[in-house]
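K.L.:
Make a model of the complete structure from these sequences and hints.
Heads up, the sequence shown is in the numbering used here, so the first residue is 3 and it goes up one at a time.
Worth flagging that the hints you see were computed from the coordinates, not collected in a lab. One should not assume that every hint holds.
[Unchecked claim] Each computed BS3-like pair below joins lysine-lysine, with the alpha-carbon atoms no more than 30 Å apart:
| no. | residue 1 | residue 2 |
| --- | --- | --- |
| 1 | 186 | 109 |
| 2 | 82 | 36 |
| 3 | 136 | 185 |
Bear in mind the structure is a predicted one, so any value in this text is a computation, not a measurement.
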Amino acid sequence: METGESSTILELRNITKSFDGVSVLGGISLCIKKGEFVTLLGASGCGKTTTLRIIAGLETPDSGQVLLEGRDVVNDPPEKRDVNTVFQSYALFPHMNVWQNVAYALKIRGVNKREIEERVHGALAMVQMEDSGKKTPAQLSGGQRQRVAIARALINRPKVLLLDEPLGALDLQLRRQMQYELKKLQQQLGTTFIYVTHDQEEAINMSDRIVLLRGGAIEQQGAPNDIYDHPRTSYAAQFVGSANVLRGTAAEVRDGAVLLRSDCGTMYAGADALPVQPGDALTLAVRGENIGISRDAREVCLRGVVEANSFAGGMLRIPVRLCDGSEVVITRQGIHFDFAAGETVYLHWSADAAVLVDREARP
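P.N.:
In structure tokens:
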């Protein structure tokens with residue numbers, strides 16, 4: 003991603019980190035703009051929390067630079083960085099009430115009493131907790147504790163706020179509500195947020211940009227719709243949006259589309275900017291909502307057998323077993339589906355509904 007020097011607030015340059023001889027980060031480089039909401043997304047062990055802790059100063063990289071507004075802070079302790087962190091555990095002081103928790107950072111900095119009063123009141127109002135100042139953390143719900151933790155982190159007006167899976171302990175309904183409120187708050191404040199999660203829904207709902215990590219390296223980064231609609235690898239396609247990944251051999255290329263043949267039939271994909279020749283072994287990704295299903299064969303289709311479907315989150319998930327044993331999952335809104343388990347069906351989609359993945363970009 004290209005960023006001008008004036009718009010970049012944080013830059014990581016070739017950050018590496020190992021623990022007990024095992025590499026966790028293999029050379030992460032990343033630029034983050036002022037006011038941007040960036041999510042580090044990935045499975046457990048991919049390096050996202052280690053990256054966040056290095057930014058916060060809680061871990062020291064083996065090599066590389068952490069530039070905050072152009073100055074390398076890699077050797078600065080956490081308290082000397084204009085960065086604050088919200089943890090999943092919230093880390094509130096149990097012996098202090100809400101007001102005292104939020105005011106604590108200002109008190110240890112020697113801020114005068116009048117300014118503390120004004121800033122704490124404003125911070126609590128910002129997270130809709132102004133009437134809870136006398137309560138202790140034990141008297142608050144999980145969502146309320148999370149709001150207090152955010153107010154406490156923002157009271158020092160940091161240039162960058164780091165959030166390490168802060169919604170992980172909340173139930174689904176509250177988590178979705180807090181996603182909306184966090185994003186709204188970030189937009190109001192204009193503060194740069196760097197958010198860590200393994201939850202693709204959180205990443206898609208809140209982020210200006212998703213940085214997908216895998217094995218200590220950046221797999222793909224971009225706006226949520228870019229990664230969802232144009233994954234570059236099969237891993238990205240399956241991790242963000244749970245796409246179906248299928249393989250075949252290029253049989254024909256024309257009009258911006260490639261026809262692929264497999265043991266179970268034929269299928270289309272969009273021909274990307276890279277050259278495709280007949281005979282090339284290719285991999286495509288197609289989302290379940292873009293797959294058509296019928297009882298009659300078409301000129302271009304895959305043959306399979308419907309298996310037992312399942313329903314969750316307003317979405318019907320219909321697995322279809324192909325002749326080679328692989329599974330294609332179709333998704334539909336609602337609960338009604340006209341095909342029975344065990345029925346033979348034919349799957350099809352348009353070329354622009356599928357993208358080629360796992361292809362090297364030209365230098």
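K.L.:
So, for every hint listed, does it hold in this structure?
P.N.:
Verification of the supplied hints:
{"no.": "1", "hint": "186 / 109", "result": "holds (28 Å)"}
{"no.": "2", "hint": "82 / 36", "result": "holds (19 Å)"}
{"no.": "3", "hint": "136 / 185", "result": "holds (27 Å)"}
The structure meets every hint from the earlier list without exception.
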